[in-house]
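Visitor: If you want the building blocks of each chain, they are given just below.
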Amino acid sequence: QKEVEQNSGPLSVPEGAIASLNCTYSDRGSQSFFWYRQYSGKSPELIMFIYSNGDKEDGRFTAQLNKASQYVSLLIRDSQPSDSATYLCAVISGGDDKIIFGKGTRLHILP
Amino acid sequence: DTGVSQDPRHKITKRGQNVTFRCDPISEHNRLYWYRQTLGQGPEFLTYFQNEAQLEKSRLLSDRFSAERPKGSFSTLEIQRTEQGDSAMYLCASSLASLTDTQYFGPGTRLTVL
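These protein sequences, in sequence, are chains A and B.
Position in the first sequence (first residue = 1) + 143 = this note's numbering.
Position in the second sequence (first residue = 1) + 976 = this note's numbering.
Bear in mind the hints are in silico, worked out from the structure with no lab data behind them.
Watch out, some of these pointers could steer you wrong.
[What the hints assert, rightly or not] Straight-line distance between alpha carbons at most 30 Å, and here's what the computed BS3-like set of lysine-lysine pairs gives: (1) K1033/B <-> K987/B; (2) K241/A <-> K987/B; (3) K241/A <-> K1047/B; (4) K1047/B <-> K1033/B; (5) K1033/B <-> K185/A; (6) K185/A <-> K1047/B; (7) K185/A <-> K199/A; (8) K246/A <-> K987/B; (9) K1047/B <-> K145/A; (10) K210/A <-> K1047/B; (11) K210/A <-> K990/B; (12) K1047/B <-> K246/A; (13) K210/A <-> K987/B; (14) K145/A <-> K990/B; (15) K246/A <-> K199/A; (16) K185/A <-> K990/B; (17) K199/A <-> K241/A.
Since we're looking at a predicted model, the values are computed, not measured.
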C-alpha cells in the first residue's frame, strides 16, 4: 500500500513567522509532488508542484524535495491569518496513473 | 469558482437507494477525476477519464459504483444500493491532458446516507 504521511496537527504558528509543513511518502518510485490548500468547507486548490530535488519558490511559498529521504516539505514565509487551512501533500506514485493524497495538516496562524 | 461545477451540492438518501451525481468540467479539459473525501482525510482517488475513456478505477471501488463520461464532456457518478459508509464528499476535478497538469476541483457533492 503506497502511503503519504502527514502530521494532522493542528500546527499553530504566530502571524509573520515561518510555517513548516512536512510530508513523507513510501514509494521510492514517486516522481511528482504537490501541495494543495483546502479551506474549511471548500475544495482543494493547488499551490505548489515540484518534481526535482531541491527547492522551488513561488512568492511566500517554498517547496522542498528530497527524494533520497522520501521527504517533501512546504515553507510559508510571513504567515498570514488567511493561510489558516488544511495543507494536503499529494504524490504521483511510480507506475500509477493517479494522485495519492495525505490526510493533511491543519495550520492555524495566530494573529 | 474554478469553472468546474457539480450537481447536486447536497444529497440525502436512505440506505439502499441509488444516487447519481453530475460533474461539468472546464470545457477544454480532457481529463476528469472523481475523488471521495471524508472528514479528516485527504481526497481518495476513485476513477478518471481521458476524454470519454475511463482509464483507471480504484481497486477500493466496489461494483456498486459506476461512472460515465459520454462524449467526453460532463461525467456522472452513480452509486447503487447506497450504504451508510458511502456518506462522504464526492469531488470532481478536471485538468488539461496529463496527471501533472493542475487539477481544478469542483465544489463537491455532499452525500448523507441515512
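Visitor: All the hints need checking, so say for each whether the structure fits it.
Guide: Tested hints:
At most 30 Å may separate the alpha-carbon atoms for a hinted pair to count; K1033/B and K987/B meet this at roughly 23 Å. Distance check on the hinted pair: K241/A and K987/B sit about 27 Å apart at the alpha-carbon level, within 30 Å; holds. Our distance criterion of 30 Å between C-alpha atoms is met by K241/A and K1047/B, whose separation comes to about 22 Å. For the proposed pair K1047/B and K1033/B, the alpha carbon gap of about 19 Å is at most 30 Å, so the pair holds.
As the CA atoms of K1033/B and K185/A are separated by approximately 25 Å, the hinted pair is consistent with the 30 Å bound. For the suggested pair K185/A and K1047/B, the alpha carbons sit about 29 Å apart, so the restraint of at most 30 Å is met. With a C-alpha separation of about 26 Å, the suggested pairing of K185/A with K199/A holds against the 30 Å cut-off. Taken as a hint, the K246/A and K987/B pair is honoured in the structure, with Cα atoms around 24 Å apart against an allowance of 30 Å.
Among the hinted pairs, K1047/B with K145/A is inconsistent with the structure: their alpha-carbon atoms are about 33 Å apart, more than 30 Å. Between the alpha carbons of K210/A and K1047/B the distance comes to roughly 40 Å, so the proposed pair goes past 30 Å and is violated. A threshold of 30 Å between alpha carbons decides the hint, and for K210/A with K990/B the separation of about 47 Å lies outside it, so the pair is violated. Distance restraint check for K1047/B and K246/A: the Cα-Cα separation of roughly 34 Å exceeds the 30 Å cut-off, and the hinted pair is therefore not satisfied.
Simply put, K210/A and K987/B have alpha-carbon atoms about 42 Å apart, too far for the 30 Å limit, and the pair is violated. Under the criterion of a C-alpha separation no larger than 30 Å, the hint pairing K145/A with K990/B is inconsistent with the structure, at around 34 Å. Proximity of K246/A to K199/A is assessed by CA-CA distance (about 23 Å); at most 30 Å being required, the pair is judged to hold. Taking the CA atoms of K185/A and K990/B, the gap is near 25 Å; set against the 30 Å cutoff, the hint holds.
For the hint linking K199/A to K241/A, the alpha-carbon distance of about 23 Å falls within 30 Å, and the restraint holds.
Hints 9, 10, 11, 12, 13, 14, counting from the list given before, are not met by this structure.
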